[in-house]
Structures are given as C-alpha cells and as structure tokens.
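There are 2 protein chains.
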Amino acid sequence: MAEHTDRETRRPTNEGPRAAARNRAAVVAAAREVFAEHGLEAPLSAIARRAGVGQAVLYRHLPDRASAVAAVLEENVREVEQAAEAEGATLSDVLGVLTWHLAGSAAFIGLLHSVRAGNPGGRPPAMALSERVQGALRSRLPTGHRLSERDLELAVAMVSVTVTGPTRSEREHRARAAWRLLGVEVGPVRPFSV
Amino acid sequence: MAEHTDRETRRPTNEGPRAAARNRAAVVAAAREVFAEHGLEAPLSAIARRAGVGQAVLYRHLPDRASAVAAVLEENVREVEQAAEAEGATLSDVLGVLTWHLAGSAAFIGLLHSVRAGNPGGRPPAMALSERVQGALRSRLPTGHRLSERDLELAVAMVSVTVTGPTRSEREHRARAAWRLLGVEVGPVRPFSV
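As given, the protein sequences belong to chains A and B, one line each in that order. Quick note on numbering: the UniProt record's numbering labels position 14 of the first sequence as 14, and the sequence is numbered without any gaps. Quick note on numbering: the UniProt record's numbering labels position 37 of the second sequence as 37, and the sequence is numbered without any gaps.
Same shape as in the complex, but just chain A (with noise of 0.2 Å):
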C-alpha cells in the first residue's frame, strides 16, 4: 500500500538528483519485468507498483505507455553496444546478449523484425535504435564469416520470427534453435554485466 501514498496525497516528490536516477532505474526495470510478464498492454499501474513507487514518481520518468517502452528498448539496444565493446567480445557473445533480449521482449523483437521487414509504420526511433544493433554486430563480425554484413540483418530478422512461446525458456530454444538452422554460433544467453 506504501506505493499509493504519494499519488492519493498528491504530495508534491521532490527527487534530488541520485533519488531520480535510482527511481528512474528501478522504473524502467519494473516496466521491463512487467511488459515480458504481460505483454505491452499491461497496465502502467503495475509498473509502478512493482517499482515500490508512487504514481506520480512513475509518470515523472515514464509519461505514457510508448515511453516506458522505449525506455526498455533503448536499455536492450544499450546492453547489446556494451557487449560489443567489451573488450575480446566475439560475435557469438554478442548474439548471446542479444537473444537474451529476443526472448524476454516482443518490444524488441517486434523492433527487429518490422524494421526488416521494411514496415511503413516503422518510426525513424525504432529504426535508429535497429541500426545501432545491426552496428553492434558488424563491429564483431570476423573478416571471412561465412555471413556478409547484410546477410547478418536478414538473420537477425529470421531469428526473431522464431522467438515465440509461453515461457522464457522455451523462446530461448526457439532462439537457439533458428540459430543452429542458420549454422551461426551462440554464446551463453544471458544479460550483459560488467
């Protein structure tokens, strides 16, 4: 019930810079948890609550729906970069990373797939953000993989068709599966960590 106080007093919350930037974190997780537990129309009243945060702690951060995804999107596109960066990454480690991804978002898989798939509803964010996974990659792409940089896109967009399922575990599979048809290497699926 702690989480509702804020929003029914309606006292004003005044975060100081650290405050913000944890709440901010611990928001877009819980937004994160809740859109792979149920779906992009769950309501953002449950982001909240997860998060421990009052609602009007929520909308400061995340104002609407597309916010709180992008917001998730944006923090998947940025853990695939930082795997890419790390030092010694190799491509299947970064297609570890990235199918960690697939398989706990339809948000990111739908951003890899109906930017592919050359969708007119497909916005300059969604496909900027795209991009910067497709440049992930290539940088890890050895000279000589038997796929081209163009064929590595087409692959992704092939993969995430794949990652369908009720369970994590069972995309993954899925994931994993489409891979091996695709005779490209994947490293351990799992989130990036420094």
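Bear in mind the hints are in silico, worked out from the structure with no lab data behind them. This structure is a prediction, so every number in the text was calculated from the model and none was measured. Don't be surprised by glycine CBs; every beta carbon is placed ideally from N, CA and C. Do not take every clue at face value.
[What the hints assert, rightly or not] Restraint-style ranges between C-beta atoms, simulated for each label pair: (1) 148/B with 139/A: 31 to 37 Å; (2) 88/A with 67/B: 55 to 61 Å; (3) 190/B with 169/A: 27 to 33 Å.
Take the given structure of chain A and dock chain B to it, following the hints.
The following block gives chain B in isolation, referenced to the frame of chain A:
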C-alpha cells in the same frame, strides 16, 4: 462499362455450371492479381472489374473479403500440394513453387508466419492450410536431409518473414537469399503447372 451492367440493371444472372466454374476461376484469378498489386485492402469492385464480371457474379462466388482471401490461399496451397504430388518431384521443386507464392502474396506469407508464431488470432482454417503446406514439403523431404521435419517448419517461417519489398522480383530475391543462408536448395521459382 460492360461489367457494370449486371449490377445496374439488377438482371438475375443465370450461370450454367460451366459458366459458373469459369466465372469462379476468373474472379479468383482476378482476386489474386488485385491483392498482389494493391494489398488485401483493395476494393472488391476492383476484382469484379479485373475479372470482367458484374458485382452480382463476384458476390455469388466471393461474398466478402474473407472468402476472396481464403479462395486465393486455397489455390496457393493446392499448387504447392500438386507440385509435391508430381512424379519425381524433389523438395527443391516444391520449395520453388512455395517461394513463387510467397513472393506473390502477402496473405500467404501471413498464413505461414502467423501460424508458426503461435498467433492466438490464427484460426483453425489457416492452421489447416498451413499444415497442408507442411505436409506437402514433408512428403518430399529426403531421408538424411540436414533439415528435420520440425526444422522444415521453422525454416519456412524464417524465410517467410524476409519476403518483403515493393516488387515481386525483389521479394523473390530476398526469399532466395534467406534459403541460401539456411543452406537449402530451391528449384525454379515459378507457379505449378501441369
């Protein structure tokens, strides 16, 4: 203008059985062309015009959009089955006919894609059609092929997502690239003909 007479005068059209079969074939062929050129939202009147029949004849054979789409899909699936039934047909022959129809019909792509993706909107008729396509492919899958039966279904879904682009030749090009990535040989890309 001749094609409007029928509707405008509301003259009852008495088709004999042969004329009915001919008219049905003409409207289904016209529906295929119109959907391929203008998408599934094309006005049904364009189908009647293309077929050179009146609206009354169109509606007798294809009473609504759903039945027009279903009729086109049914023909696509039937051609894939016929390709598989032809004497001495190989898997690559059947894949060539399948790829022809993928490159020509967004609805056919959707059929093979949404069913695979476990789309809850995937209705039983669509699943039955998709299963017929899979059955046709399996019937020509050589023992010891690098794709298992289950892989084959996955591969079709993976290719179907790549088949985008403004022209048939571009869509065909992408489909071929996807099959190549999967290491699967595809025969001549063409409609089935006896």
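Here's how the hints hold up against the structure:
1. A hinted range of 31 to 37 Å holds for the C-beta pair residue 148/B and residue 139/A, which are about 34 Å apart.
2. At about 59 Å, the beta-carbon gap between residue 88/A and residue 67/B stays in the expected band of 55 to 61 Å.
3. The given range of 27 to 33 Å is broken by residue 190/B and residue 169/A, whose C-beta atoms sit roughly 42 Å from each other.
Hint 3 alone, counting from the list given before, is not met by this structure.
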